Each structure stands twice: as structure tokens, then as C-alpha cells.
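**Student:** Respectively, the protein sequence lines represent chains B and C.
Here the numbering used here is used: the first residue of the first sequence is 1, the next is one more, and so on.
Here the numbering used here is used: the first residue of the second sequence is 1001, the next is one more, and so on.
Since the hints were derived computationally from the structure, they do not count as laboratory data.
No experiment lies behind these values; they were computed from the predicted model shown.
The C-beta atom is built at its ideal place from N, Cα and C for all residues, glycine as well.
It is possible that part of the hints are untrue.
Unchecked claim - For the chain C half of the interface with chain B, some residues (derived, Cβ under 8 Å), not all of them:
#	residue
1	1004
2	1005
3	1006
4	1065
5	1069
6	1074
7	1077
8	1079
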Amino acid sequence: MQEERRNPPAVSSSTPIARATRRLRRAPGLGRSAHSNSGDREEREELDALRRLLVGPEQERIAKIETNLSPDGIGKTLPEAAVASQKQGEDLAWALRPAVMAAIRDAVKNDPHLFVDALVPVMGPAIRKAAMHALRALVQQLNETLARGLSLRALRWRLEAARTGRPFAEIVVLRSLLFRVEQVFLVHRESGLVLHHIVAPGSPPQDPDQVAAMLSAIDAFVHDAFRQEARLARFHVGELVGWVEHGPAAVLVAVVRGTAPDHYGDVLREVQERIHLQFRHDLSSFRGEVDLFVRTESLLQRCLQSEAVPSASAGRSRFYTLALVGVLAAVAALAIGWHTHRNRVEDRRFASYAEALRKEPGLLVTEARRDGHRYTFEGMRDPLAPAPASVLAPLGVRQSDASFAFGSFYSLDPRLTERRAARILQPPAGVSLAVTNGDTLVARGDAPRSWIERARVLALSLPAVARFDASELHDTDAAKEVEAASAFLAEAMVLFPLGSDDIGLDQRGTLEDVAKALAKMLELAPDAGKNVELTLVGHADARGPEGQNQSLSSQRAERVQRELAALGVPLSNVRTRGAGVAVVSDDEACMKSRYRGAACARRVDFRVELQ
Amino acid sequence: MMARKKKICMLGATGVGKTSLVARFVRSIFSDAYRTTVGVTIDKAHVRVLDHEVDLVMWDLSGEDEFQSVQLAYLRGASGYLLVADGTRRETVATALSLQESAVRVVGNIPLVLVLNKMDVESSWDIAGDVEKQLREKGWTLVKTSAKTGDGVERAFVALTRAILSADGVIEERT
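Modelling step: build the complete structure from the supplied sequences, incorporating the hints.
**Tutor:** Put into C-alpha cells, the structure is as follows:
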């Protein structure tokens, strides 16, 4: 048909179609040219006939389209078109989304109440449910806060709030949120059978099937007893709180020790929804095949939460730890102090030991060490010095506590020199040795001549002795000889003839004996440590005048003095004296002598004084 | 072989020995007080039928008598039940039948095993042979037990388990 319109075939001029065509060509527009009423009518009828003939089917279709495009028509076809489009895909929804969104925005802008009225029936229960959850949590928190309001812990929290400047409620909530989810049950709602069950490590084991079944029973019991749509949502058993999250086919039950935060309910809800989404087929066709639900393990693990807030006991243990550390530190400080003190005491004591050794003549300390209670001393020791151990023994040092390493040497200390001299010279009793001026050995006392002579030689061979001083040493041998000479002189007398001071030949021997004794005495007296004073006393007999006799007695004494001097006797310490007339009867010396009487009276005798 | 769990119930008049039967079979972790408060106690037992391991979670419902009625809501989700009657008391059979009808309304036709308890005193039974015959004609499995001596107890539970597995199509129905 369309082909024919585009390429009209050649037609005969006599046919009605040809006629009508001609008329159409003449006429500038359909139905507008009319030459006469009758002719017009005829033409119109022909045209109508022609129209029916040519475009009849199109007209019907156009009319139908017009009908479909009318509001009524579109109202009928649009839902069908939308359904058909949905079957093919989401193109229609995608295409319409911007327009719909714009329309909604416009509508909300123009009349918000319209949407509010529409949403209230839907949102009301949802909001109420959410508010109910929040209120329940708030009441729970308030209850616990009141319960702890007067406790010691609460007092501590109040102090913490005052100290940190945070609201008390915040502190309470912070410190209250201690919880641990111990068990999670996934329970088949209808049968009460446990589909899967997980337990936190360390939680007491129980038979999950019996517990879950009993929970289901209680839930059913409560539900039936009170005829309420609400199901068991939370149960409290001592410190345990059961959180129950109901789903269409399964119930999630978490057993929580302590107080879980309210948003833990969201976790349970989310897990419950995920389980229903992932396991909807297994849940709907459940016939006791619980092994299938092992795969919920990872989801259930997400419910096994715990929150560990630093607890009071942790604080206490921290305090105790700090206290313990403090005590230990104090003990350590005391121990260190005590040790230091002991060490100092020990050091002082050790120093005193070393000092004692250093003070000892003949000991030279070159090194002194202390290792705890062990002492080591090193140095040099004179053989005549005491052993170091014997020096320290009186100070309380045990031989096992100390070790000594001392080499030998000769000490020049005068005390050691004296000891060495005494050891070598071995002085007789009554002789003392001393070192003066550092190098002079002085000997004091009485000693035999032989020892003195030996000492003079040996002393100079001793170390540190340069001189030997024997000036205070008395020769006991010399002393004896001096005493003997003194005794001889005390009895000796030189006799004179009557009225003369001449010494007769018979008296020469006596005079020489006296001279010898006197010379010897004077010579040895210094060695014997004696001082000799000699007085020559002249006498006369009673005859003749008294004045003459006095002079004669003096002359006789002087005559002996001259005779002795002539014999070589040094007479520096010799005095003379004239004693006058000697009383013979009283004269002891005279009585003892072989000269008696007047002859005995004419004499010179010797008075010796040894000092 | 996949492990299974099945919920079963114990139904019957008061005093027919339901709890004693369960006690013969397992040891309960719940005290008897639950039965009077909540109306049920829960026990668990493991049963092996052919190669199939089944955990039975047993809901022991409190008995029906003139003072209390069984909480039939507890039957929901059960895979089967033991219908227990006391052979020495004819009226308990009637109660059992009545309970069975109620149970059907709640859970439909699920497997059951009719248990006639107290077979140790069968000589003094109050049930005539015709009653027993009528019961058998219902097509139910009938097991005589003695909770006192333990006779037949395990057989009853195994029979119920077998019926349940058979209903599930897990095993072939025994002819």
C-alpha cells in the first residue's frame, strides 16, 4: 500500500479513480473548492469514497492511535508498557529516576505535609521501636549508676570527674562499659535447635542444645502467656545478660557478662540479617542438618566482642606494683647505703691496717689492696722487723684474711740499727746502745775492756753507723785496777828523818811504788769513769815548836810531790797539805805501819777520793 | 555422614511416666521445677540409627490432667513425639488420643510412637486386647516399655528416630 503511494501506477482516465484524481489535482485543498452545492456534494461523496478506498485502513489505525494517545488510552497502556519494560531490564527505572527524583523534590518542597502524612504510618512504629531501645538502654544505665551511686568505686569516679573536668555521667558510662560476650547461639526459631554455637575462650562449657531449647521454651511460654507480639529480647541472670535478636527463621542469642554498650544490639541485628540473607535456603529447608551452619562461624565471631576498660583492680594492681617497686627501691637504696657505709668502714679499717704496717720500723709497704674482706700487702721487710701478720694480729686481722708479699732489705731506721747493733755486739747486762744524730752508736754502762775493744771495731761495720761513742761506757777492768791502786795508796806512806824533808834511800822504793800506782790510777780513771782527786798530806812529830812542825809537814808533802813529778807522774789533780803534828796514838795509818812511834809521825801519806 | 539434630516431644497424661522414661534414657541438667513453672524440661540424647547419628533434643512436656493442659505451642518445630500412656490406666490412652488430635492441629501429621508404659505390671493392665488392636490399626508404631526396669525404653526412642528419618526420606521405611 505504501509502495503504491510513493510510486503511483499509471491509471486510466475514465475510471472513477482517474476522475477523482483529476479533481483532486484541480482543487487547491480538500473540501475547500466548491462551484456549486450539488456539484460539491457529489464531489465530496466521491472524495469520501476515494478516501475510504485509498487510506481507509490507515484512518482506522490513526483513529486507534488517537484513542491510545488520549489520557484514557495512555492510562491503560502505560502500566502495561512499564511491566513489559521491567521484564526486559532496569532501563525504564534508570530513565525515569531523574524525573521521579525531581518530582519528589519538587513535591516535598511545595507541600511537605503530603509526605509526612504518608510516612507517619510507616515511620511511627520504627521510631517508637528505636526510641524504646534507646530508653531501655538509658534506664539500664541509670539503674546501674544508682546502684553504684554510694559505692567506693562511685566515689573514685566522682573524684576522677572532678579531677579531669569531665561530666560524672561520662565517667560512669566509660567505667561501666566492661563487658565480655561469652557465648553466641544461633537457634532455629521454630524447633529451638541450636544451628551453631560459639564460646569465648575460658567461658564455662554448657550444653548449648538444652540451654537454647529452654530459652525457646521460655520465649514461647512468655509469648503465649501474655499474648503479645513482642518476643523475649533481653534476660538478666546475675552478671549475665542474654541479648536475643529475633529473625524470621533463626534467633541470635548472645550471653554477655557485664554491660555491653547499646550499639552491640546493632551488631547482633546486622549479623542476624546477614545470616538470613546468606543462609535463607538452608534455613527454610532446615531438617536438622546443623553441619550446614558451621559456615556461620565467622559471622558469629563478630558477635563475640569484649571491651576491656582499665579496671579498678588493674589500678590497684598498678598501685601495688608501684608500691612494690618503691619498697624494693627503698630496700635497694638501704642495701646500697648500708653496703656503702660498710664499705667505707671497711676502707677506713683497711687503711688503718696499712698505716699500722707503714708505722712499723723495718717494714716498707709498696702496695695495699682490698677485695671485700681479703687484704693484700706487698713491700720490703728488714729481717729484724716483726712479721706483718704479727703486726696486724692485735688489730683483729686473721691470718686467713690477709696475704703478704715482702722482700728483704736493711732498714736505716735508727731503731732497726740499735736492734742490729744489739744483735751483733751482744752487750753485757748494764750496757745500753742508742743511735744519735742518725749515724752515731752510743754505748752506755759498764763493760769489760775486751767487749769494749771488740765493740769499737764491730760497731763501725754496722750499716748506718759511722761513729761509735764509748764515752759513757765504763771499763770495769780499769775500775778494778783504779780501786786496787787507790787501796795501795791509802796505806802507803813516805817516812822522813827527824826535823827534815829529805827522803832517805830507804824510802826510794816506797816512793817509786807510790809513783807507779798513782800513775796507773790516773791513767785508768777516765776509762773506769772515775774522777780522781789526790791529796798529799805531810805530817811531823810532836817534838820541836808547833809552828815549825806545821811548816815542816807542808814541806814534806811538797817534797813528795816534786819527787813524784820527777818520776813522771802527772800531778794536775794532786794537791798538797801540811797536817802539822800527827797524833800517833790516834793515827790509824801509823798504827798499821811497821814504823811506830815518832818515826811513824814524820811522814807523807795519800788521801785518794774516787768519784 | 551428616550429623543431625531433631526436636522431639514427650506427650501424655500426668503420671504416665514420661519423665521416668527420659530419665531412663538420659540425665537431665534441668531440675524438675521447670516442668511446673514453664511446663517443660529439656534433655538431650544421642541416637544412632543405621549409619545416621542423631542428637535428640527432647522436650518433656508436663502432663495433661484436670488441673493443667499441655502447652501445645511447645510442639512447634518438633520432628516427632512419643505419645505416652499408662497401661494400668485406660483413661490415659484416651488422653493420649485426645492429645494426638490436638498435636495434629499444631504440627500436622509428624511421626509419633505410641508408648504403653508400665509393662512390668502388664498383668494388671487395664487395656483390653481390642484397644491395643485399635491403636495398631491407626498405623502407629506401638512400643511397650517399663521405665522401672528400662525395658523397651531405648527401643521407643530409636523407633521414633527411625520414623523421623524415614519421614525425611533419609532412610527407607521399614516394612
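**Student:** Out of the numbered hints, which ones does the structure contradict?
**Tutor:** Hints 4 and 5 are the ones this structure does not satisfy, whereas the remaining hints hold.
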